[in-house]
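Novice: So the chains spell out like this:
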Amino acid sequence: MTTSPKDTSEAASPALRGSDDASHWWRIIAIWAVLSVAFDVVWLNVVGPHVPPGRMSDTANGAAFDFNVLIVMAVPVMIAIWVYMVYAVVMWRAGRGGPDPIGGERARGNNRVVTGWITITTVVVLFLAGFGTYELVQPEGAGGGQGPTPLWTPASHNVLQVQVIGQQWKWTYRFPSFGGFETNTLEIPDNTTIAFHVTSLDVIHSFWAYQLGVKADANPGQDNVAFTTPTQLGSFTVRCSELCGLWHGSMFNTGRVVTPLAFNAWATSTEHQLAANTAVLAPFAYTYTPDANGADGGYYPDTADPYSPVEQYGATQPAGQ
Amino acid sequence: MPWGYGDVVNKTGRAALAGALALIAAGIVMFAFINLMSQPGTVTFAASNGQVNVTLQTVGSYGSGDHPTWVSYEIQTQGGTWQHTTIWQVPARTQVNVTILQYDSGSPLRNEQLGQVTGTVGDVATLNGATFSVNNSNVGNGVGHTFSIPAIGVSVPLAGVNGNDTLCGAAPCEPSSPHNVIKFSFMSPGPGNYPWQCFVPCGLGWLYGNGGPMGTVGYMGGFMKVV
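So the sequences go chain by chain: A and B.
Residues in the first sequence are numbered from 0 upward in steps of one, following numbering that gives the first Met the number 0.
Residues in the second sequence are numbered from 0 upward in steps of one, following numbering that gives the first Met the number 0.
Since the hints were made in silico from the structure, they are not lab data.
By construction, the Cβ of each residue, glycine as well, lies at the ideal position given by its N, Cα and C atoms.
Careful, some of the hints might be misleading.
Unchecked claim - A few chain A residues that don't get close to chain B, going by computed Cβ distances all over 10 Å:
#	residue
1	TRP24
2	ARG26
3	ALA29
4	PRO51
5	ASN67
6	ARG111
7	THR120
8	GLY146
9	GLN166
10	GLN231
11	GLY233
12	SER234
Stated by the list, open to error - Per the computed footprint, the stretches of chain B lying under chain A, defined by three or more beta-carbons under 8 Å from a beta-carbon of chain A, are:
#	stretch
13	126 to 136
14	145 to 153
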């Protein structure tokens with residue numbers, strides 16, 4: 000049964016009940032279903048494939064998937080509220096000279112509506128909480144820093160270790176499996192799991208390889224491990240996402256995902272090219288105590304607690320210290 | 000005090016107070032604006048035969064101005080005078096030949112990776128005429144500063160002079176003071192503003208050595224404007 004706006008001003012209210020109101024319910028549900036399905040289909044086919052951070056790695060893919068799931072779950076809830084609100088305004092608005100739409104028996108609670116609303120929203124929220132928690136740790140920590148002893152580690156034994164060193168205000172990268180050379184440029188092979196060991200030589204930075212979906216804080220004296228497996232060739236942007244001083248805004252560079260063959264060629268040639276510099280670098284370690292210039296948490300120069308890496312990782316004491 | 004008279008006084012007083020506060024607020028805004036927006040001048044370099052010659056010097060303590068004890072760079076204009084600024088302008092896609100007169104002492108680097116010469120023509124520089132690609136700061140007088148433009152990968156370590164010598168204490172330093180001469184070339188990129196800086200934490204007395212002159216344009220960092 001359809002009801003005109005005029006007679007519903009007396010007969011209906013937000014708390015729907017009775018057989019006359021069933022048609023309102025079905026109409027609202029139908030409008031909601033059509034709009035929700037239309038939105039979700041359009042989103043998943045038009046917008047979804049392009050949501051950030053993209054599909055360059057398994058972790059980026061996971062982040063984009065999570066974003067799409069949250070959108071297609073949350074927007075129908077929003078549409079339900081809007082549809083009900085607009086429907087109520089159109090169908091049940093007070094007419095001129097009509098009775099006050101607020102108050103009376105119809106304005107009282109409706110147990111079915113309340114129970115249904117609480118049940119549906121509870122199910123949605125609990126599902127998203129469980130889904131979000133699961134996705135937060137899959138795959139292998141979802142690209143987030145897990146500290147020095149990661150809980151979620153890759154099953155593969157073919158993991159490339161890459162150390163990321165933040166310092167005011169640049170990123171450098173060390174490759175322990177290639178002699179420990181340290182370079183300004185970051186190249187990694189596709190279809191290979193990468194373990195980023197993120198640390199800092201001074202203040203807190205944050206390593207954000209945007210298109211890889213990797214983000215891990217760089218803390219001095221800490222080895223913060225984040226995993227990812229690149230799945231597409233191309234360039235990605237590395238930025239510092241922790242305000243770290245005057246030149247924080249320019250603390251970025253560009254990395255590349257290349258084929259394993261190209262990576263090996265690059266790493267081997269770079270190892271050879273930088274051999275003279277690698278020879279004077281501190282031996283590779285997961286954290287450093289770079290106090291040669293007073294960076295041990297004190298003020299420059301820190302003479303009270305001089306550079307003493309020997310106990311830390313067997314490095315040679317710099318001359319004159 | 001009669002109500003009417005008091006009201007008039009109060010209104011006048013309130014208006015005067017509001018006006019004074021407005022003036023103070025405007026003054027604070029202007030002071031902040033002027034100070035935040037002000038920056039050292041720009042030294043412009045014109046190309047000659049497709050190349051640009053840029054000369055800088057480093058001094059352990061500038062010796063005058065607002066921060067006489069701060070370490071600093073300064074730039075020689077094409078007219079030959081020294082200017083206390085770290086902002087300079089060069090043409091795009093031109094070979095920039097840099098000469099740095101390093102008057103400061105050195106120490107081991109926090110990260111020896113900064114001892115590499117990168118991004119220059121041939122990935123090399125010269126130190127007092129001798130070509131080098133790596134400076135081991137653990138030997139000799141160490142490295143005092145670096146000249147680095149991270150966005151284009153340029154980084155050159157500047158070997159320190161012997162700290163036991165009588166060093167230049169005020170800019171501009173005279174060639175008679177102990178110094179090293181570091182030369183290198185690089186190609187300027189496309190138009191834009193490129194931050195450059197020293198990567199040695201040389202801000203004496205500042206946390207991690209990266210405050211003060213390391214965090215102030217005009218001392219140990221600035222901009223290369225490319226037009």
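Novice: Which of the listed hints are not met by the structure?
Specialist: Those not satisfied come down to hint 9.
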